[in-house]
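2 protein chains.
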Amino acid sequence: MNEATLDRIVREVVSRIQPKQDFEVEASGRHVHLDRQTINELFGEGYQLTKAKDLSQPGQFACKERITLVGPKGTLHNVIILGPERRQSQVEISGTDALALGIKVPVRESGDIAGTPGILLLNNNRTVHLHEGLIVAKRHVHMTVEDASAAKVVQGEIVQVRIDGGRALIFDEVVIRVSPKFATYMHIDYDEANACGFAKGTRGSIIKKVQDDA
Amino acid sequence: MNEATLDRIVREVVSRIQPKQDFEVEASGRHVHLDRQTINELFGEGYQLTKAKDLSQPGQFACKERITLVGPKGTLHNVIILGPERRQSQVEISGTDALALGIKVPVRESGDIAGTPGILLLNNNRTVHLHEGLIVAKRHVHMTVEDASAAKVVQGEIVQVRIDGGRALIFDEVVIRVSPKFATYMHIDYDEANACGFAKGTRGSIIKKVQDDA
Numbered sequence: 039m040n041e042a043t044l045d046r047i048v049r050e051v052v053s054r055i056q057p058k059q060d061f062e063v064e065a066s067g068r069h070v071h072l073d074r075q076t077i078n079e080l081f082g083e084g085y086q087l088t089k090a091k092d093l094s095q096p097g098q099f100a101c102k103e104r105i106t107l108v109g110p111k112g113t114l115h116n117v118i119i120l121g122p123e124r125r126q127s128q129v130e131i132s133g134t135d136a137l138a139l140g141i142k143v144p145v146r147e148s149g150d151i152a153g154t155p156g157i158l159l160l161n162n163n164r165t166v167h168l169h170e171g172l173i174v175a176k177r178h179v180h181m182t183v184e185d186a187s188a189a190k191v192v193q194g195e196i197v198q199v200r201i202d203g204g205r206a207l208i209f210d211e212v213v214i215r216v217s218p219k220f221a222t223y224m225h226i227d228y229d230e231a232n233a234c235g236f237a238k239g240t241r242g243s244i245i246k247k248v249q250d251d252a
Numbered sequence: 039m040n041e042a043t044l045d046r047i048v049r050e051v052v053s054r055i056q057p058k059q060d061f062e063v064e065a066s067g068r069h070v071h072l073d074r075q076t077i078n079e080l081f082g083e084g085y086q087l088t089k090a091k092d093l094s095q096p097g098q099f100a101c102k103e104r105i106t107l108v109g110p111k112g113t114l115h116n117v118i119i120l121g122p123e124r125r126q127s128q129v130e131i132s133g134t135d136a137l138a139l140g141i142k143v144p145v146r147e148s149g150d151i152a153g154t155p156g157i158l159l160l161n162n163n164r165t166v167h168l169h170e171g172l173i174v175a176k177r178h179v180h181m182t183v184e185d186a187s188a189a190k191v192v193q194g195e196i197v198q199v200r201i202d203g204g205r206a207l208i209f210d211e212v213v214i215r216v217s218p219k220f221a222t223y224m225h226i227d228y229d230e231a232n233a234c235g236f237a238k239g240t241r242g243s244i245i246k247k248v249q250d251d252a
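Residue numbers (the working numbering), protein chains in the order written: chain S, 39 to 252; chain E, 39 to 252.
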């Protein structure tokens with residue numbers, strides 16, 4: 039038996055033992071994605087963000103640089119910047135954070151920032167006032183093309199995801215996002231993490247939506 | 039038609055229009071229940087707590103008095119005391135609060151505090167170290183006997199509760215608590231409230247558990 043055949047058999051066995059619609063869950067803390075203009079204004083013309091740590095999504099990384107978010111009622115210090123730089127700046131916080139800042143923030147998919155509130159960013163004595171881009175991220179599952187196919191879900195599909203454990207729940211309205219550039223992980227925020235008893239290693243599994251299951 | 043008949047018809051019509059397994063959800067902030075000894079030590083011998091506001095559960099009330107919770111990593115000020123006094127002191131916080139205090143806190147039903155962590159309570163310069171009683175409250179539905187009967191659930195039963203809206207989810211492992219002393223309301227904490235997009239007026243509805251619905 040050659041190596042390729044062996045590999046194919048092993049992958050097939052693994053996929054049958056551990057169905058692909060079961061995946062690791064990650065809790066995303068508050069973070070900021072910056073565009074080139076905002077980086078220039080906050081850190082200086084042409085400044086390059088410093089990679090501190092790779093994230094689970096290929097090519098994405100946490101930066102060494104931190105900034106401050108200033109709202110009418112409160113301030114969040116030491117907020118992490120995620121790289122690489124993006125076409126549009128976007129700030130992702132939890133509902134708890136929104137309350138602390140004193141801003142009403144909608145739940146949105148990443149990138150869907152039209153009409154969202156702005157926020158003041160602060161780095162030492164440099165400030166940038168983003169006119170929009172402050173969101174609570176809509177929970178979602180990043181999936182590889184293979185895993186989406188195995189789970190019989192497609193890009194943009196809305197599913198339920200079951201989280202087992204001591205504070206078990208089923209997240210409804212979970213967006214499936216499929217790309218060859220993704221690794222398969224579910225992302226929730228810290229409010230959701232606390233609500234479902236999340237700990238490192240917590241796994242989720244897809245329940246396909248049905249028309250009416252009440 | 040006499041008054042009793044009219045009342046019976048009205049109740050029957052209302053119950054058919056608005057099924058009884060649909061109920062209002064309330065988000066409970068962090069709070070403290072105190073026993074007599076702890077009140078004596080924090081406020082002085084024989085001190086009587088001052089009612090500030092009735093709560094939805096009959097006989098339960100928010101007090102004017104506030105205290106401080108002191109943990110190894112952080113402090114929570116201005117924490118509300120709920121009356122009347124209880125047989126055992128108990129402190130209910132969210133997972134977010136637990137992180138702020140720096141204490142690992144289990145999810146427990148109210149009253150089930152054996153083996154839970156302690157916490158330092160502070161009122162001005164008086165302190166009490168509770169040796170146990172710090173919990174994250176397990177989500178639950180208080181139900182009147184009539185509403186439980188209409189929803190075909192019993193005391194202690196574990197059900198799922200669906201929350202609709204922009205951040206819809208289904209809470210699993212929800213405890214039904216039935217008493218003639220209760221009013222029918224679901225109680226969740228602020229982490230759960232943020233996770234399900236709670237706003238005043240949010241309603242939940244029971245889904246009976248089935249053996250295996252995956």
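For the record, the hints were derived by calculation from the structure and aren't laboratory data. Among these hints, one or two may not hold up.
[What the hints assert, rightly or not] Going by beta-carbon spacing under 10 Å, a handful of chain E positions derived as facing chain S: (1) S94; (2) I141; (3) E170; (4) K176; (5) H178; (6) Q198; (7) I201; (8) G203; (9) A206; (10) D210; (11) A231; (12) F236; (13) K238; (14) G239.
Positions of the beta carbon are idealized from the N, C-alpha and C atoms, including for glycine.
When the hints from earlier in the document are held up against this structure, which numbers fail? Hints 1, 2, 3, 5, 13, 14 are the ones this structure does not satisfy, whereas the remaining hints hold.
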